[in-house]
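J.: Assemble chain B onto chain A, guided by the hints.
So you can see what is in the structure, the chains are spelled out below.
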Amino acid sequence: MNDGRDKDSFEQRLAAAQGKAGMDQAASSAAHKSVAAGSNAISLAMRLGVELVAAMVIAVVIGWGLDKVFHTRPWLMIAMVPVGMAAGLRNLIRAVGPQTDK
Amino acid sequence: MAGPTIDPLGQFRLTTGLGPLGASVNFTNSNEAMLAAAAIIIALFFAGLRAQNLIPGRTQAAVEILYEFVHKMCIDTIGEEGKKFFPLVFTLFAFILLGNLIGLFPYFFAFTSHIAVTLTLALFVFLFSTCVGFYIHGFRYFLFFVPAGVPKWLLPLLVPIEIISYLARPVSLSVRLFANMTAGHVMWEVFAGFMLLLTAGLGIFGVVASIIPLGLNVALVALELLVACLQAYVFAILTCLYLHDAVHMH
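Taken in order, these protein sequences are the chains called A and B.
My numbering applies: residue 29 is where the first sequence begins, and numbers increase by one.
My numbering applies: residue 1352 is where the second sequence begins, and numbers increase by one.
Take the hints with a grain of salt, since some may be wrong.
Stated by the list, open to error - Here are the computed distance ranges between Cβ atoms for each label pair:
no.	chain 1	residue 1	chain 2	residue 2	range
1	A	G66	B	L1565	27 to 33 Å
2	A	F38	B	Y1458	46 to 52 Å
3	B	I1466	A	A65	28 to 34 Å
4	B	Y1458	A	K35	44 to 50 Å
5	A	A45	B	H1488	50 to 56 Å
6	B	A1534	A	E39	45 to 51 Å
7	B	E1415	A	W103	44 to 50 Å
8	B	E1415	A	L42	14 to 20 Å
What the hints assert, rightly or not - Lysine to any residue pairs mimicking SDA-like chemistry, simulated, CA-CA at most 20 Å apart:
no.	chain 1	residue 1	chain 2	residue 2
9	B	K1423	A	N68
10	A	K35	B	I1406
11	B	K1434	B	L1592
12	B	K1423	A	G66
13	A	K35	B	P1407
Unchecked claim - On the chain A side, residues computed to face chain B include the following (Cβ under 7 Å):
no.	residue
14	V78
15	A82
16	A83
17	A107
18	V111
Calculated directly from the structure, the hints in this document are not laboratory data.
Heads up, the beta-carbon is just placed ideally off N, CA and C, and yes, glycines get one too.
So here's chain B without its partners, still in its complex pose:
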């Protein structure tokens, strides 16, 4: 039948950006959003740190709050060694936060709603923290899989469980971010499409009734803003937790 239909997943479709040049190298709209996120972070810091006043202006205050928030998170979670990993955690946090936030704007692309992106980030964190563990502890890092204070005969059962719970880390890390972002955007699309269906199907009554999904969408904007910030925070703090495990082995 003709008329509007709901296509909630169409917004995640990859197209090529930057005109014919982008098409020839398969430069997608997801890549565009990533570049935009990185450019915004760099521009924000450039603008914020140009005037180093004792009493900061708004941009400088925003930059300093962001910096100190992640710095404190690193030190609190990892310990004193957290300072070494601060650049990594900060880069991840800022990149994911900006990616989530620019994805909230209409006509922009949320690259964190693709599992290829989040899984890459999560696998990098996983491999990096494992490498840190082996670098600091050598082969003693394998003892991480042997829980302390357990009778010997239980070990054949418990060691596989520990190994699987360790391997589950990148999966849970990536699926959480991807699922939260995708679910939010799909909900938006479904409610917005519902408005079109109501107006097309019920005429003037439908126009009035579509106030309800419109109101829901407005409320969802607030929720999605919270989720966008929270998911970036969760990703960063879990990175810190994994690094803590790699550094301290418990």
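With the rest of the complex left out, here is chain A:
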């Protein structure tokens, strides 16, 4: 029946108790943020290495397949290598670059 009032007084008492115990909301959320930032950094680091190689592999496979179709071995595969490198770098920059969009 009086859920709302109870909840309000509960929040007040909770805030008072937390203040008394030194459990500042801002401090704990800051600690949370630094933990989140650390795990984000690790997960980012794990992404980057594979990102660089994957584009290269795709490019070389496409070049190899086109060579098979057009009987131009090995020229298209060689031509695709720099394209793959560029695509890998593009992915890398996209992963770590400034996050303009949200």
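T.: For chain B alone, coordinates are given in the frame of chain A:
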């Protein structure tokens, strides 16, 4: 020569499970682990959501934290439209997380250490996000491959690069998960086999010396626990990122 040998890849060998019935339909130990992962998730949620208390117990708190973590990730990464994709992202995250975690136990099978499994998941995510892009934007989704603010004469060079970097997504997504899980399990096996070799080769001195690889393995358990959770998180957040690209086209 006789004695123990190191067979680091033997643990990934597929065998059939569930007795003769499983053998007749080629039901592998990998499938068993997948079913176990799905069953654990469903059981966890069934147990956690049975008592819906205002102040949650441990199981309920675990379930709610998991739910809210993925929910927040969806909304933060994709935007408001992320709510629609939440079931997909949550299913992927929970399935991969449980698969990684039960793979850490001895005698269990880590199905995420097979590229056939991770590539299937990654290809599904890739095709799904591409379909979402075409569904929302129609043929304008092809403009995704045309970078903005670039002189016209550079486009023939840049469009193939963009297309390849787009096609590289399922490869990087699947190889990352597969390689991390495989590498961890191989390292365990190598260190454990090294202990056997030491004891067989050096006698009592080997027993003492094998404390070193044992300690390394104990430390590796902690690392692998981190990697298991982190890889599930990376897979889920990249799914969100790709869906974000498909929804917003930039």
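J.: If I claimed the Cβ atoms of A1534 of chain B and E39 of chain A lie 45 to 51 Å apart, would that claim hold in this structure?
T.: Given about 48 Å between the Cβ atoms, the range holds.
J.: Verify the CB-CB distance for F38 of chain A and Y1458 of chain B against the hinted window 46 to 52 Å.
T.: holds (48 Å)
J.: Are K1423 of chain B and N68 of chain A close enough, with their CA atoms no more than 20 Å apart?
T.: Satisfied, since the Cα-Cα distance of roughly 15 Å is no more than 20 Å.
J.: Assess, step by step, whether the Cα of K1423 of chain B is no farther than 20 Å from the Cα of G66 of chain A, and give holds or violated.
T.: holds (18 Å)
J.: K35 of chain A and P1407 of chain B: Cα distance at most 20 Å?
T.: holds (16 Å)
J.: Given A83 of chain A as an interface hint, is its Cβ closer than 7 Å to any Cβ of chain B?
T.: holds (4 Å)
J.: Can we keep the V78 of chain A interface hint, with Cβ of chain B closer than 7 Å?
T.: holds (4 Å)
J.: Is the Cα-Cα distance between K1434 of chain B and L1592 of chain B 20 Å or less?
T.: It holds: about 14 Å lies between the C-alpha atoms, which stays within 20 Å.
J.: Range hint 27 to 33 Å: satisfied by the CB atoms of G66 of chain A and L1565 of chain B?
T.: holds (29 Å)
J.: Under 7 Å is the threshold here; is the Cβ of A107 of chain A close enough to any Cβ of chain B for the hint to stand?
T.: violated (10 Å)
J.: State, for the Cβ atoms of E1415 of chain B and L42 of chain A, whether the hinted interval 14 to 20 Å holds or is violated.
T.: holds (18 Å)
J.: Given a hint of 44 to 50 Å, does the C-beta separation of Y1458 of chain B and K35 of chain A actually sit inside it?
T.: holds (49 Å)
Hint compliance for this structure: hints 7 and 17 are broken, all remaining hints hold.
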